[in-house]
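Asker: Sequence:
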Amino acid sequence: TGTSLAFYSITHLARDINLGWLTQNIHASGASMFFIFMYLHIARGMYYGSYLYKKTWFVGVLLFLLTTLTAFMGYILPWGQMSFWAATVITNLISTVPYIGNTLVEWVWGGYSVENPTLIRVFTLHFTLPFIISTLTIIHMMLLHETGSNNPTGLNSNTDKISFHPYYTYKDLLGLIWLFILLFMTTLMAPNIFSEPENYSIADPLSTPKHIKPEWYFLFAYAILRAIPNKLGGVLALAASILILMVIPALHTSKQRSMTFRPTS
Numbered sequence: 001t002g003t004s005l006a007f008y009s010i011t012h013l014a015r016d017i018n019l020g021w022l023t024q025n026i027h028a029s030g031a032s033m034f035f036i037f038m039y040l041h042i043a044r045g046m047y048y049g050s051y052l053y054k055k056t057w058f059v060g061v062l063l064f065l066l067t068t069l070t071a072f073m074g075y076i077l078p079w080g081q082m083s084f085w086a087a088t089v090i091t092n093l094i095s096t097v098p099y100i101g102n103t104l105v106e107w108v109w110g111g112y113s114v115e116n117p118t119l120i121r122v123f124t125l126h127f128t129l130p131f132i133i134s135t136l137t138i139i140h141m142m143l144l145h146e147t148g149s150n151n152p153t154g155l156n157s158n159t160d161k162i163s164f165h166p167y168y169t170y171k172d173l174l175g176l177i178w179l180f181i182l183l184f185m186t187t188l189m190a191p192n193i194f195s196e197p198e199n200y201s202i203a204d205p206l207s208t209p210k211h212i213k214p215e216w217y218f219l220f221a222y223a224i225l226r227a228i229p230n231k232l233g234g235v236l237a238l239a240a241s242i243l244i245l246m247v248i249p250a251l252h253t254s255k256q257r258s259m260t261f262r263p264t265s
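For the sequence shown, my numbering assigns the number 1 to the initial residue and increments by one for each residue that follows.
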């Protein structure tokens with residue numbers, strides 16, 4: 001079955017397949033890189049008032065949610081100790097839904113615990129969601145091209161426009177080169193820097209870890225979840241920590257678009 005093969009398939013990939021260890025590490029470190037750039041992208045969007053392009057912003061938040069979901073699915077797949085217990089703890093949060101919570105959890109699990117059906121559906125979603133993310137990325141850019149992007153001054157910049165090639169292509173190429181340098185340095189020199197050692201042990205349903213340790217890019221959400229003693233309150237706060245991005249356009253009452261000229265920023 002999938003649960004008996006999942007952990008050993010990763011071990012087989014890393015040990016026996018030509019450059020399998022490299023593929024695995026690029027995949028894991030690449031996800032971290034992706035989140036670094038996504039958080040930077042969201043931050044500059046908030047700083048420069050990009051959320052005023054509401055349709056583009058809402059699609060962006062949806063992209064963020066789907067990426068988070070995809071990354072969580074990927075964390076479960078190796079079927080290590082932390083994979084199993086993270087899956088158990090996080091999916092259990094669905095039980096906070098009134099009346100139908102427990103039924104929903106069992107429906108998501110495909111049984112009475114995280115088992116083979118859970119692993120199969122997680123694998124399917126982890127494979128499928130990136131295609132949906134790619135489609136939404138195209139929609140995200142199409143919506144942005146309807147309005148055009150803004151700039152740090154927040155003023156009309158039509159008079160300053162320059163040709164895309166070679167100026168922007170070379171500028172973007174430089175960033176891309178730096179990205180690959182950082183990614184390959186991490187992958188080749190410190191491949192396990194973002195990994196959790198406990199996840200190199202096969203999942204044991206009878207041994208509970210002392211703490212659930214999510215990947216670094218989930219830490220803000222998990223810290224909020226754990227900071228509230230009430231289960232439902234924690235789940236609502238966790239959801240709010242991401243969905244607050246949806247509210248930002250409604251909170252903007254300033255005559256200035258960007259935060260560039262504010263003394264405190």
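There's no promise every hint is true.
As the list claims (entries may be wrong) - Restricting the straight-line Cα-Cα distance to at most 20 Å, the calculated cross-link-like pairs of lysine to aspartate or glutamate (DMTMM-like) are:
(1) K210 to E198
(2) K161 to E146
(3) K161 to D172
(4) K55 to E198
(5) K210 to E196
Stated by the list, open to error - Have a look at the derived ranges for each label pair, beta carbon to beta carbon:
(6) L251 to A14: 26 to 34 Å
(7) T1 to T68: 44 to 52 Å
(8) E115 to F261: 55 to 63 Å
(9) N156 to L13: 23 to 31 Å
(10) T68 to G101: 16 to 24 Å
(11) Y200 to Q256: 21 to 29 Å
(12) Y168 to F131: 33 to 41 Å
(13) H12 to L40: 47 to 55 Å
(14) M46 to R15: 22 to 30 Å
(15) Y200 to K171: 36 to 44 Å
(16) L173 to M38: 14 to 22 Å
It is worth saying that the hints were derived from the structure and are not from the lab.
A quick note: this is a predicted structure, and the numbers were derived from the prediction, not measured.
Each residue gets a CB set at the ideal place from its N, CA and C atoms; glycine is no exception.
Asker: To test your reading of the hints: which numbers does this structure violate?
Answerer: Structure breaks hints 4, 6, 7, 9, 11, 12, 13, 14.
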